[in-house]
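*Asks:* Each chain, written out:
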Amino acid sequence: MEENILEIKDLTIHYVTDEETVEAVNGITLTLQKGESLGLVGETGAGKTTTALGIMRLIPDPPGRYISGEIIYKGEDLLKKSENEMRKIRGHEISMIFQDPMTALNPVLTVGEQIAEVIQLHHKISAADALIRATEMMELVGIEGSRHTEYPHQFSGGMKQRIVIAIALACDPSLLIADEPTTALDVTIQEQVLDLIENLKKKFGTSMILITHDLGVVAEVCDKVAIIYGGEIVEYGTLEHIYNNTKHPYTIGLFGSIPNFNEKTRRLKPIYGLMPNPADLPDGCTFAERCPDAMECCRSGKIPNIEIEPGHFVRCRKYQSQGGETDGE
Amino acid sequence: MLKFIGRRLLMLIPVMLGVVLLVFSMMYFSPGNPEDYILGDMATAEDKAAFRKENGLDDPFLIQYFNYVKNALQGDLGTSYTTKMPVIDEILERFPTTFKLALFSTIIAVAIGVTTGIVSAVKQYSIWDNICRFVAMIGVSMPTFWEGLMLIILFSVYLGWLPSSGFTSWKHWILPAVTIGTHSASSIMRMTRSSMLEAIRQDYIRTARAKGQKESVVIWKHAFRNAIIPVMTIVGLQFGRMLGGSAITEIVFSVPGLGNLIISAIKVKNAPLVQGGILFMAVVMSMCNLLVDVLYAYVDPRIRSQYVSGKSKKKTVSKSVTKEAA
Numbered sequence: 001m002e003e004n005i006l007e008i009k010d011l012t013i014h015y016v017t018d019e020e021t022v023e024a025v026n027g028i029t030l031t032l033q034k035g036e037s038l039g040l041v042g043e044t045g046a047g048k049t050t051t052a053l054g055i056m057r058l059i060p061d062p063p064g065r066y067i068s069g070e071i072i073y074k075g076e077d078l079l080k081k082s083e084n085e086m087r088k089i090r091g092h093e094i095s096m097i098f099q100d101p102m103t104a105l106n107p108v109l110t111v112g113e114q115i116a117e118v119i120q121l122h123h124k125i126s127a128a129d130a131l132i133r134a135t136e137m138m139e140l141v142g143i144e145g146s147r148h149t150e151y152p153h154q155f156s157g158g159m160k161q162r163i164v165i166a167i168a169l170a171c172d173p174s175l176l177i178a179d180e181p182t183t184a185l186d187v188t189i190q191e192q193v194l195d196l197i198e199n200l201k202k203k204f205g206t207s208m209i210l211i212t213h214d215l216g217v218v219a220e221v222c223d224k225v226a227i228i229y230g231g232e233i234v235e236y237g238t239l240e241h242i243y244n245n246t247k248h249p250y251t252i253g254l255f256g257s258i259p260n261f262n263e264k265t266r267r268l269k270p271i272y273g274l275m276p277n278p279a280d281l282p283d284g285c286t287f288a289e290r291c292p293d294a295m296e297c298c299r300s301g302k303i304p305n306i307e308i309e310p311g312h313f314v315r316c317r318k319y320q321s322q323g324g325e326t327d328g329e
Numbered sequence: 001m002l003k004f005i006g007r008r009l010l011m012l013i014p015v016m017l018g019v020v021l022l023v024f025s026m027m028y029f030s031p032g033n034p035e036d037y038i039l040g041d042m043a044t045a046e047d048k049a050a051f052r053k054e055n056g057l058d059d060p061f062l063i064q065y066f067n068y069v070k071n072a073l074q075g076d077l078g079t080s081y082t083t084k085m086p087v088i089d090e091i092l093e094r095f096p097t098t099f100k101l102a103l104f105s106t107i108i109a110v111a112i113g114v115t116t117g118i119v120s121a122v123k124q125y126s127i128w129d130n131i132c133r134f135v136a137m138i139g140v141s142m143p144t145f146w147e148g149l150m151l152i153i154l155f156s157v158y159l160g161w162l163p164s165s166g167f168t169s170w171k172h173w174i175l176p177a178v179t180i181g182t183h184s185a186s187s188i189m190r191m192t193r194s195s196m197l198e199a200i201r202q203d204y205i206r207t208a209r210a211k212g213q214k215e216s217v218v219i220w221k222h223a224f225r226n227a228i229i230p231v232m233t234i235v236g237l238q239f240g241r242m243l244g245g246s247a248i249t250e251i252v253f254s255v256p257g258l259g260n261l262i263i264s265a266i267k268v269k270n271a272p273l274v275q276g277g278i279l280f281m282a283v284v285m286s287m288c289n290l291l292v293d294v295l296y297a298y299v300d301p302r303i304r305s306q307y308v309s310g311k312s313k314k315k316t317v318s319k320s321v322t323k324e325a326a
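Residue numbers (my numbering), protein chains in the order written: chain A, 1 to 329; chain B, 1 to 326.
None of these hints come from the bench; they were simulated from the model.
Careful, some of the hints might be misleading.
As the list claims (entries may be wrong) - Restraint-style ranges between C-beta atoms, simulated for each label pair:
id	chain 1	residue 1	chain 2	residue 2	range
1	B	MET1	A	GLY145	25 to 33 angstroms
2	A	VAL187	B	GLU198	30 to 38 angstroms
3	B	TRP220	A	GLY145	23 to 31 angstroms
4	B	TRP220	A	GLU76	38 to 46 angstroms
What the hints assert, rightly or not - Subject to a maximum C-alpha distance of 25 angstroms in a straight line, what follows is the list of computed SDA-like cross-link-like pairs (lysine to any residue):
id	chain 1	residue 1	chain 2	residue 2
5	B	LYS123	A	GLU83
6	A	LYS34	A	GLY205
7	A	LYS88	B	ALA72
8	B	LYS214	A	CYS297
9	B	LYS123	A	LYS34
Beta carbons: idealized from backbone N, C-alpha and C, even for Gly.
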């Protein structure tokens, strides 16, 4: 058994305001081994970004609140760390690539300064040396180092995302969280950026959590997949489990909504309906409203997490008779 | 950049012509004759006629206007009716006082306004935010003359700590500078707060935090540098206005500044001094705005690159507007 770099246990994060409580993340449990890539897949509002920011302890508070759970990183619970200790981890041990490169960079600082900033924060080196390291990082992500004096508005979207990646990887993090790194980019650039992340990941031996709603990207990059819906992981397993032995009706629905070249279908099968409002989640299975296989028993009580084959978990009543049941913790 | 400054200076010409025309007309068409005020009740009709002739007051409006503009272009703003001194000398004599007062007031205003604004934004809806906003609301609503009088009552009359008028030591500066400073601090605070609130919600702030940066650095280096432009605009406008003399405050505290000078000139229809004074204010105000525009480019590289490439839309637009106005 390889060493677990990250273990999330029953993580629950809510956004509490006077008017309502948004149940963004509800009891997520994950493990990530060293060097592994995990795909966190779900639609908008499923709680993917909240999970990522939750690991970084960057949930805006107020209104964000950790209700329960543990985030064990290299054997230590991040939720018990002080703000000072967290600062040493952010950007150094765990770093994050953000969704929208257009807004993720500070418009009034040069890209060189912005990369050098993170290097200088975590290494005891002079500003000049940090800048040299920054230009090296720029070369690594495929941008001429001499452009370090330029500002973000002088770069294209794909270039900006490369800078964001350079910032994230500048201090050789052990864990990289990529929050929809390719969503804001056009398809030709997407491929380049994914290759870049993949290569750098191999080079530095970084573990990664890739957040996306694109199953194609997941298939390309990840070893493990977690399908997240309504703040819960509904299906979790290796890439083969999820792609070849799809179990959860939601996951099946997700695959049904992407075109398949092998079979001739006249229409794609979308998942009908909308995600439930996370401020008002239904009792029982959150997917029951849209589920083609929903039964009466799905609409109340806690839905068990069922291990349908070793390492492949499904949170669905349909498979209750099969496989070993866990209590969902 | 130099080209930009040069163009902006050229734009001053139509602005100045417009200002002169406006002030000139107001002085010309407003009721009352300067000779009645200046020469007093004892003057004879001949004296008054001589005064009018000497100052060219019997000439038609346009002739008077063109003469004034012609002289002004040569740097001659006329002679004050009361002191018989060149207007420009009178203004320049008073200007240092006004300038110092404006500078002190601005320092006070920026120090209070920016810090409270940032605190308010960072701790939005906290008790501090509420207190700051409440005080700022009072500050904006309070008329300066009343605030000045209240400060005099408190610090000069009851406590006797600070003098209420006269201008000999540094102590005399405090009350007027505080009066003007707190008033403009309120608007600076409100602008800083809203601008900071916008900045700290930006994605790049999250990026900075994700780097492991300290919160204080995140606020000052990342957020405030992005929030500073609207704040600079407000500070620049207020500084420009103060340089024109804070007339009411100067009167309350008997400060021998520009505002006081112009008010007393208006009272006796001392037209050359009023015109010269207002023209001077307009120039100073424009210079302040120019300075602020140049500073924009200094803090924001996006604006800077516009100037360098010479494709600024803002410039061409404001230029045509001014032309129409002139």
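*Asks:* Do the Cβ positions of TRP220 (chain B) and GLU76 (chain A) conform to the proposed distance bound of 38 to 46 angstroms?
*Replies:* About 31 angstroms separates the Cβ atoms of TRP220 (chain B) and GLU76 (chain A), which means 38 to 46 angstroms is violated.
*Asks:* Is it true that the C-beta distance of TRP220 (chain B) to GLY145 (chain A) lies inside 23 to 31 angstroms, as the hint says?
*Replies:* At roughly 28 angstroms between Cβ atoms, GLY145 (chain A) and TRP220 (chain B) fall inside 23 to 31 angstroms, so the hint holds.
*Asks:* Within a Cα-Cα threshold of 25 angstroms, do LYS88 (chain A) and ALA72 (chain B) meet the stated pairing?
*Replies:* violated (66 angstroms)
*Asks:* Does the Cβ-Cβ separation between MET1 (chain B) and GLY145 (chain A) fall within 25 to 33 angstroms?
*Replies:* Because 27 angstroms falls inside the window, the suggested range holds.
*Asks:* Hinted pair, alpha-carbon criterion (25 angstroms max): LYS123 (chain B), GLU83 (chain A). Please report holds or violated.
*Replies:* holds (17 angstroms)
*Asks:* For the pair we were handed, LYS214 (chain B) and CYS297 (chain A), check the Cα-Cα distance against 25 angstroms.
*Replies:* Status violated; Cα separation ~50 angstroms.
*Asks:* Is the Cα-Cα distance between LYS123 (chain B) and LYS34 (chain A) 25 angstroms or less?
*Replies:* Since the Cα atoms of LYS123 (chain B) and LYS34 (chain A) sit roughly 39 angstroms apart, the hinted pair is violated (cutoff 25 angstroms).
*Asks:* Can you confirm whether the C-alpha distance between LYS34 (chain A) and GLY205 (chain A) stays at or below 25 angstroms?
*Replies:* Status holds; Cα separation ~8 angstroms.
*Asks:* Please check whether VAL187 (chain A) and GLU198 (chain B) have a Cβ separation lying inside 30 to 38 angstroms.
*Replies:* holds (33 angstroms)
Comparing the model with each numbered hint stated earlier shows that hints 4, 7, 8 and 9 do not hold.
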